[in-house]
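Could you put the whole structure together from the sequences, leaning on the hints where they help?
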Amino acid sequence: MQAYRYETADGVIKQRKLPIPEPAANEVLITVKAAGLCHSDLHILSGGFENLQPFGVHAPLTLGHEVAGIVNKVGSQVASFKPGDRVAVAQVGYPKENANWDISVGLGVDGGLAEYCISDVSQVVHVPANVPLHLAAVATDAISTAYHAVVTEAEAGPGRNIAILGLGGLGLNGVVAASLRGANVYGFDIDEKKFEAARDSGAIACHQSLNDVDDAFFDAVVDFAGVGKTTALAINRVKVGGVVVLVGLGVNEATLPTSLLTMKSIHLRGCMGASLQEYREVLEYVASGKITPVTEQISFEDVSDGLERLAAGKISGRLWTDPSAMGPV
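Each residue of the sequence shown is one higher than the last, beginning at 131 in my numbering.
Mixed in with the good hints, there may be bad ones.
To be verified - What follows is a list of derived Cβ distance ranges for each label pair:
| hint | residue 1 | residue 2 | range |
| --- | --- | --- | --- |
| 1 | PRO149 | GLU431 | 16 to 22 Å |
| 2 | ASN156 | GLU326 | 42 to 48 Å |
| 3 | ARG329 | ASP435 | 26 to 32 Å |
| 4 | PRO149 | GLY400 | 33 to 39 Å |
| 5 | PRO288 | SER434 | 42 to 48 Å |
| 6 | GLY178 | ALA155 | 32 to 38 Å |
| 7 | LYS420 | PRO387 | 33 to 39 Å |
These are computed hints drawn from the structure, not numbers from a lab. Bear in mind that the values here come from a model prediction, so they are computed numbers and not experimental data. C-beta atoms are modelled at their ideal positions from N, C-alpha and C, and glycine is treated no differently.
Structure representation (structure tokens):
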């Protein structure tokens, strides 16, 4: 089978031919029909996750942690799935629910930017018949992570003013999720071209910077950019006792106004992934049409180009590919 691999921390993904894996007793072999491309993939390719403690992402590794497809084969101890089932692989956020990083596809074990993917059965979820597989794949991270960030961490609800920093794939889904919960949502991005999509997703207003609004206006700020200065500015602009949720991995380290963090009694929370229950809630929203993420399909042969576009900030929404539809390589 063909697969895209992280081999060295040079920022370049490698396409390789690998044998089709065999599922162990508690595993499922999936024919991959949809795999999403994520900024985390870029972070991995640059070596950003290699020395992360208490876990790390180590080469060589097939990337792709947003995965959905058709069950091809199941292990001897798997009773809840059978060949032909439509499934997705949930990315349960570490350390929620005692999630095991070592079995997370595309992070701890080989992922779905390949024709076939193995997953531990504990992370496999049935996909409703009316949910397209590419939306189920995107929902595992781009929607579920955003959903968890705004609903659980930022506590979006009626009357709460929520700022969303970064209106890419995750940010737009964050706008939708917060709006569905009745919050007053404001979008922020340096690229004004993303404002229309944010307004269509439920944002009341959009700005290029938190400096464009009054001080201490927001109950919570969710930072999907994570470039350091965005988080620092969020601490400045959030209300006393407010919440700043950091999701983006724009930089590895940042300087923050710790005196303001303390004096304003601000809650600073890191956020990665979601619970299985949250993923199932997201699938219900997708099935009902209340969440319809912006996506763009690219060919499997164009994955490298897609990652370059992602790195250049030229993507609105989420890129995905169907490895099973690839042409001759």
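Does the structure break any of the earlier hints, and which numbers would those be? none
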